[in-house]
Structures are given as structure tokens and as C-alpha cells.
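Visitor: Read off the chains here:
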Amino acid sequence: MAGNGKGFRIFSNIVLAILTIFAVAPFVLMFVSSITEEGTIMREGYSFIPRDVDFSAYKYLLTGAKGIVKAYGMTILVTVIGTIANMALTMALGYLLSKQDLPGRNFLSFFVFFTMLFSGGMVPSYIIWSRVFKVSETFFGLLLPNLLMSPFNVILMRTYFTTNVPKEILEAAEMDSCSQVGMLFRICIPLSKPMIATIALFSALAYWNDWVNGMYYLIRRNDLSTIQYVLNKMQNQIDFFRQTAEASKIAKTTDIPSLGVRMAIAVVSILPILMVYPFFQRQFVRGIVVGGVKG
Amino acid sequence: MVFVMKRAAASNAYRKPSVKRRLRKYWPLYLLALPSIAYLIINNYMPMVGLILAFKDYSFADGIFGSPWKGFGNFTYLFSSKWAAIMFRNTVLYNVVFIVLGTLFAIFVAILLGEIKHIKVRNFFQAMILIPHLVSMVLVAYLVFAFLATNGFINKGILEPTGAKAIKFYTAKQYWPFILVLVHLWKGFGFQSVVYFATILGFDKTYYEAAVVDGAGTWQQITKITLPLLKPTIIILTIMAIGRMFSSDFGLFYQIPMNSGQLYAVTTTIDTFTYRTLMEEHDVSRALAAGFLQSVLGFILVLGTNLVVRKIEPENALF
Chain A
1 MAGNGKGFRI
11 FSNIVLAILT
21 IFAVAPFVLM
31 FVSSITEEGT
41 IMREGYSFIP
51 RDVDFSAYKY
61 LLTGAKGIVK
71 AYGMTILVTV
81 IGTIANMALT
91 MALGYLLSKQ
101 DLPGRNFLSF
111 FVFFTMLFSG
121 GMVPSYIIWS
131 RVFKVSETFF
141 GLLLPNLLMS
151 PFNVILMRTY
161 FTTNVPKEIL
171 EAAEMDSCSQ
181 VGMLFRICIP
191 LSKPMIATIA
201 LFSALAYWND
211 WVNGMYYLIR
221 RNDLSTIQYV
231 LNKMQNQIDF
241 FRQTAEASKI
251 AKTTDIPSLG
261 VRMAIAVVSI
271 LPILMVYPFF
281 QRQFVRGIVV
291 GGVKG
Chain B
1 MVFVMKRAAA
11 SNAYRKPSVK
21 RRLRKYWPLY
31 LLALPSIAYL
41 IINNYMPMVG
51 LILAFKDYSF
61 ADGIFGSPWK
71 GFGNFTYLFS
81 SKWAAIMFRN
91 TVLYNVVFIV
101 LGTLFAIFVA
111 ILLGEIKHIK
121 VRNFFQAMIL
131 IPHLVSMVLV
141 AYLVFAFLAT
151 NGFINKGILE
161 PTGAKAIKFY
171 TAKQYWPFIL
181 VLVHLWKGFG
191 FQSVVYFATI
201 LGFDKTYYEA
211 AVVDGAGTWQ
221 QITKITLPLL
231 KPTIIILTIM
241 AIGRMFSSDF
251 GLFYQIPMNS
261 GQLYAVTTTI
271 DTFTYRTLME
281 EHDVSRALAA
291 GFLQSVLGFI
301 LVLGTNLVVR
311 KIEPENALF
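Residue numbers (the working numbering), protein chains in the order written: chain A, 1 to 295; chain B, 1 to 319.
Chain A with its partners taken away, still in its complex shape (with noise of 0.2 Å):
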């Protein structure tokens, strides 16, 4: 906006000042508490102002906690083969679709255009890869369910290929005898890159960031818990506690890790997004405004 009013002008930039803090403090808040001694939390409270500064925590997750490590392992894992794969399934299918003239292809846009209307929901899809395709209690239960492939992704990929892509490219190399499956990958691919690094970017925060599938599908099976699942338990394990009350007294006799300690954990678990997220934030950006203005 033009605008002339220096007034206003100020009052935004203090207005934007207090909302990013209003956004980060919560964060200043847990990592002060996860370097903080555990004795001090549980007399004096949360503070956003370090006191008794003691990195046991961390320490503990380096060399004591085991699970943690194998936990971030898997995170890691999960979500580099979920990325790769919904990157091939999303590119092969928004191709497909991009081809004007292909037969049947107002059938298959509906086809995955309706997946965005109408949804069996969880129950059925719970039924359907527990009991059909058992994948429950395995690696696949982390990687498959609703994870692996979104529609919406599948339609703006198709629409960037067909309007970022010249034609005459294409018939160009059509032309020289380039084959279909060629083009894609020496034409198409090449030339789409923004939005390839966009839907990368927002299938790998997904499966960082999911809780829901471990929570379904591994309900027995520790080991290949994913960081969030680990966050997910822990927690689950207080509540336990809290509900049969005198949760600290209890608390103490179990394995449940410490205060410090499960804090430590939650920043480990986004301290990799944070670090990448200012080479991402224009990808980011875009990805939020094509999603939200039209899905």
C-alpha cells in the first residue's frame, strides 16, 4: 500500500514486533526450561529466564538415551523415503495429467479430484490398512497411510507442468524422437523445480511432523518409534499419572524421563526444521499461498 500515514506505519511495526513474540515465545520458554536444573522447574516453575543452567539433559540424550537416538534415526528415514517416494508418485501422476490430449483424462482428473471432496474418514481407513493390507506393527504403517501421496499436490503439479512447460518445447523434442518418459525427466522435471522444491519441502515437514500414523499403527512396537511418537508417549504416560493422581510420587519410581529431559527431547525434535527453514522460506511461502487461496 501507498500510504502516507507514518503513524500507522509505526503502530504496525510494533504491533508485528509483539505478535513474533507472541509467535516464538513458547520456544524461548521450552528451551530455557530444557537447559534449566530439574530441581529448580519443579520449585520455582517454567521461566523464560535461565537459572541454574545445566545441560544434563542434553547429555543424557547423547549418551544415556538409546531410544531417543534410534527414534531420531527413524525420523530421519521415514521421512527421506516417504519424501522420495511421494515426490515419484505426485511427479508421475501431475505428468500423466498434463498431457492434453491423453484418453481418458477428464476420467482420471476426476478421478483424483473426487478424493478431495469425499472421504471415508479414519475409521474405514484404519480398517483398511490394519486389517487388508496389515500394516500395522510394521515400518510401512509409519510410510503408507494418507502420507504418501495428496491429491491437491497431484493437481498443482499437473498445472504447473501444463502451464509452466512451453509446448514448443515439447514438440520440439517430440520432434528429435525424445520419448514421453525422456521429456519428463529432461524437460519437464528441469523446468519445474520451484514447485517440486515446494511440494518437497511440505511432504517432508508431514511425515517429520505426523504423530497420527504411529499412534494408529504402532501400538505395540518400540522400536520403531519416531521422534513424535516418542513425544506422543511420553506425554500419554503423564497423563496416565496425572489421572491416578499423585503423579509426582509416582513418577519418580518409573522410567518416565524427567522434566528436563522431555523438554530437551521437543527441542531436538524441531531444532532440524528451524535450521533449514531460512534456506526454505521462500518455498515455504509459496507453498502457503497456493494451498490456502485455493484449497
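Because the hints were derived from the structure by calculation, they are not lab data. Quick caveat: nothing in here was measured; it's all calculated off a predicted structure. Backbone N, C-alpha and C define an ideal beta-carbon position, used for all residues, glycine too. There's no promise every hint is true.
Where chain B lies over chain A, by a calculated footprint (3+ residues, C-beta under 8 Å) [claimed, not checked]:
no. : segment
1   : 24–30
2   : 135–146
3   : 262–268
Start from chain A and add chain B according to the hints.
Guide: Okay, now just chain B, sitting in the frame of chain A:
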């Protein structure tokens, strides 16, 4: 917008090669996309078929097609629970509050972002308010816990120093409608603001230049130019949100209250009820009936709202 079947068909009216020749040309692409299509069938279409289980007496041993029919038994059973009415009320009421407050807040922030001329400063603010959108609801539950626990920041940092009595938030349900709305706004306001802000960036600058020449102040520019130009976007996004009236953010209502039993009256939505009956109480019949209603009512709403969008703003209609 996303879907332009009719137009695509019209543009294909030029003489195209026979179906047989096109099939020969494209068959490797069908093959390449076969796994994607199979995934949609398994992940999306089979659960749709699975919805018929809402009318059956499902048992693992008999399977989806083998289980005996039960008519509306599951539904009468669902509504014999007091939670049926509560979950519908909560789901719809929270959605109404989220839509109204979320939209107002997002537009406000988007207008503020538009006032920041320094691009680096603006990008910084934008990046910061988007951070809550990056993290999972499980993690947010930990953040909220640090504020609301008995030794949390609110009790030990605010209430006790001012002499007020400590509050046991996780057993006091009267606070939770506010807490859940606040957490929802915290996590989502950056996202929504950026969507509106992107629309504002697209506006023709000459409107504002002309307004300045005519002596319009900032307030007049906002009320006379920005808001009227935003109106179509606001209407479309709101209508689409109404289309999702029967869905709720499972993470928000399950993780943030830490599934605390004393809070169920104000935290149970269709999604948390379905999860609890299915996975904790193993009461498949109720879960199936609740899930069926959510899917079908949601579908009807999406179709209905799309009809409305097509009347107001045809190019924004989904189909």
C-alpha cells in the same frame, strides 16, 4: 479454477490423432502412473467403500463384505451416548469461533504487513509468525504444558507472584474454550495472514497512488480500497471453511488438553470421539457411525458451499 474439464474438452476440439495412436504414444506414462493410481484406490477409494460398515455389524473375522447387515443399529447406538450431541455441538461451535476470529485476526495482520515497506523487515516478520505453523501439535502440547502445568509459567510466573490462587488447568474445564481458541490462533494466524497478504500484494498500486493524491489517509485507504478489494477472497475462504464445518483438528483437541478426562465436555469433537471409541474403547460400531456422519455431512456441505461459490465467483469454484 483447479478444475476446468469443460474448457479443456473444448480446446481439444481440433482434429486429434485416433485414440489408438494416442494410447500407443502414452502407454509408458500410464505405466509410470500406475503406482500412484493404485495408491489412490487403496488409500482413498477403499475407505469410501468401507463406509458401508456403518450399516453392518463389523467383526474382524468376517471382514468388510462378510459382516452381517445391521441397518441403522449403529446410529441408534451412537445417539444413545450423551457424547453424540456434545461432539457435534463442540465441533460446530469451535469452527464458528475459529472462522470468525481467525479471519479477522489474519486480515488485521495482513494489513499491517502491507504497511511495512522495508522488504527485509517484512520478510523477517513473515518468517517469524509462520514458525508455529512448522511444528507438530504434539510439540505444541509441550509448549502449552510449560505454561499451564501446576508449576507452569502462568501459575508460578504470574498468578503466585501477584498473590492469586494457582489453577489446575488440566482439570478445570471452564478455561479450555479460551485456551483452545488461543492455541488455534497462535498456530494458524501466520499462515492465514500470509494468504491474505499475498492477495493484498497483488492489488493494483495505482488505486493507492490515486487515493493519496486525493488526500485519503491510511484509514480511508484500508476501509475504502483494501477491504473492498479483499472481499472476494474473504468470502471464498470463509465459505470453504464452512465446507469443513464438521471436521476438527484432531491434534488440537486431543494433544493440547492431553486427553484429560475431566475436560472431555469441552474438548470432545467428532474426531477425538471417533479416535477414543475406536482405539481406546474398541467400540467399532459407534466409531463407524460417527465417522460415517462426519464424512457424508462434510461431503454435502462441500457440495453446497461450492454451489454458493459458483454463483458468487465462478472462477473460484472448485468445479
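Visitor: Would you mind marking each hint as holding or not holding in the structure?
Guide: Consistency of the hints with the structure:
For the segment 24–30 of chain A, the stated coverage by chain B is satisfied: 5 residues place a CB nearer than 8 Å to a CB of that chain, which reaches the threshold of 3. Check on the segment 135–146 of chain A: 3 of its residues sit with their Cβ under 8 Å from a Cβ of chain B, so the three-residue criterion for coverage holds. Coverage of the segment 262–268 of chain A by chain B holds in this model, with 3 residues showing a Cβ closer than 8 Å to a Cβ of that chain against a need of three.
Checked against the numbered hints given earlier, the structure satisfies every one of them.
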